[in-house]
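In order, the protein sequences belong to chains A and B.
Just add 195 to the spot in the first sequence (first one is 1) and you have the working numbering.
Just add 192 to the spot in the second sequence (first one is 1) and you have the working numbering.
Source of the hints: derived by calculation from the structure; they are not laboratory data.
Keep in mind that the hints are not guaranteed to be accurate.
[To be verified] Pair by pair, the computed Cβ-Cβ distance ranges are:
no., chain 1, residue 1, chain 2, residue 2, range
1, A, PRO320, B, LEU359, 32 to 38 Å
2, A, THR219, B, PRO321, 21 to 27 Å
3, A, THR219, B, GLU328, 41 to 47 Å
4, A, THR241, B, SER331, 41 to 47 Å
5, A, SER336, B, HIS338, 55 to 61 Å
6, A, GLU217, B, PRO254, 17 to 23 Å
7, B, ASP195, A, ASN211, 50 to 56 Å
8, A, PRO320, B, LYS307, 41 to 47 Å
9, A, GLU217, B, ARG201, 39 to 45 Å
Heads up, the beta-carbon is just placed ideally off N, CA and C, and yes, glycines get one too.
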Amino acid sequence: MVDEQEGGLSPVRIVNELKANEITHVVWLPDSETNFLYQLLESDATLNLIVVSREGQAFSTAAGLVIGGKKPVVLIQNTGLLESGDSLRGWGIGLNMPIVVMVGYRGWNRRGVTSEAEVALFTEPMLNALGIRYYLVENDSDADRIGVAFADAERLGRPVAILVGDEFHGFNR
Amino acid sequence: MIDVSDMVRAIFPYRGDAIVISGRASRHWAEISERPSLDLGLGDPGMGGHASFALGLAMAQPDVPVILFDSEGDLLMNLGALPTIAEQEPRNLYHFVMDNECYATTGGQPVPNAKRIQYDVIAQACGYPSTFTYGEIESLSRDLEHILSLPGPVFVAMKVTPEIENLPIGQRLRWQTRTLEENLRDLQSELGVSQRAPHGRNMRVVKA
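With the sequences and hints as input, model every part of the structure.
If you want it as structure tokens, here you go:
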């Protein structure tokens, strides 16, 4: 087990992955890990940004976009994932929506210690309880898992999660 | 107070090619609709999500009017949807809110501060460019043509008569004639949208 990651997950790589997967809309609630990503998304004319006020909004918004023929991605923190449990269940799983949710993995690290917040303890158990497949992405070398997640969501007709575990570098650095 | 059945009948002549997300008015709307493939009676996938869902659908299909029959209990669960809708400015979204001052499907318990909330004022303060409020069918009927000619997002609050249900859910009248799966598939077919979701897997059956 390695304590620290080699290199980080660059915002440009994330945006490129979203484009490569033909994402039309980014539905999100900003968090401290992703503020630099926000600047990139805002300046990119091909990605429509929808900022929600509460994470539970994101899944019903994304469901409407999917039914209307678009391909959104939901971008939230794991705290918001917990908040949006029923919305994810009903509007995501219940309607068989192939929605990928990128989750900032607050509190995650490789040492088994949740120094920042205990929310990390509940993140994967919640996804498992809902039967949602997930992938951990820590740095640029993992970024191809984003495409795998999108392919899974389409194939399974279910939400799939990407846990962004970039503890040491962060999008905002 | 406006009867929900009167409300949907008043809107019906102006429906045109609009998608109608019928919410708590679904039973009444299904009785008169002549375009069921453009109707979306979702049941209750997750309370509090109808306004956001309508926003997503309206943004995905900007050339198709979207009429939402929302309810105040649903909206109260997610008032934060209003500034998002106002910011996105979907010109094709007509957001009707049925305010019966209670949770009718759970027996009629009052929503918080039921008598004094002004939903149109909230929507206006959140940035909706056009907002209205009605307490009787005559004035609503008089203004509907104008309301539906305005660029969205338009918000219309309506005081409606509660249709309180007290029977256990399993004993309630089933009015649906299509499954949710069929409902979504029909709409996507009507819109010419390729079906990304493999509808049918784990899909709840709400058919009568």
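Here is what the structure says about each hint:
The beta-carbon spacing between A/PRO320 and B/LEU359, approximately 37 Å, falls within the hinted interval of 32 to 38 Å. Between A/THR219 and B/PRO321 the CB atoms are about 25 Å apart, so this pair conforms to the stated range of 21 to 27 Å. In this structure, A/THR219 and B/GLU328 meet the distance hint of 41 to 47 Å, their C-beta atoms being roughly 42 Å apart. A hinted range of 41 to 47 Å for the beta carbons of A/THR241 and B/SER331 is consistent with their spacing of about 45 Å.
Between A/SER336 and B/HIS338, the C-beta spacing of about 58 Å keeps the proposed range 55 to 61 Å intact. Our hint of 17 to 23 Å for A/GLU217 and B/PRO254 holds, since their Cβ atoms are close to 18 Å apart. For B/ASP195 and A/ASN211, the hinted distance range of 50 to 56 Å is satisfied, since their beta carbons lie about 55 Å from each other. As the Cβ distance of A/PRO320 to B/LYS307 is approximately 43 Å, the hint placing it in 41 to 47 Å holds.
Against the hinted window of 39 to 45 Å, the Cβ-Cβ separation of A/GLU217 and B/ARG201 comes to about 42 Å, which satisfies the hint.
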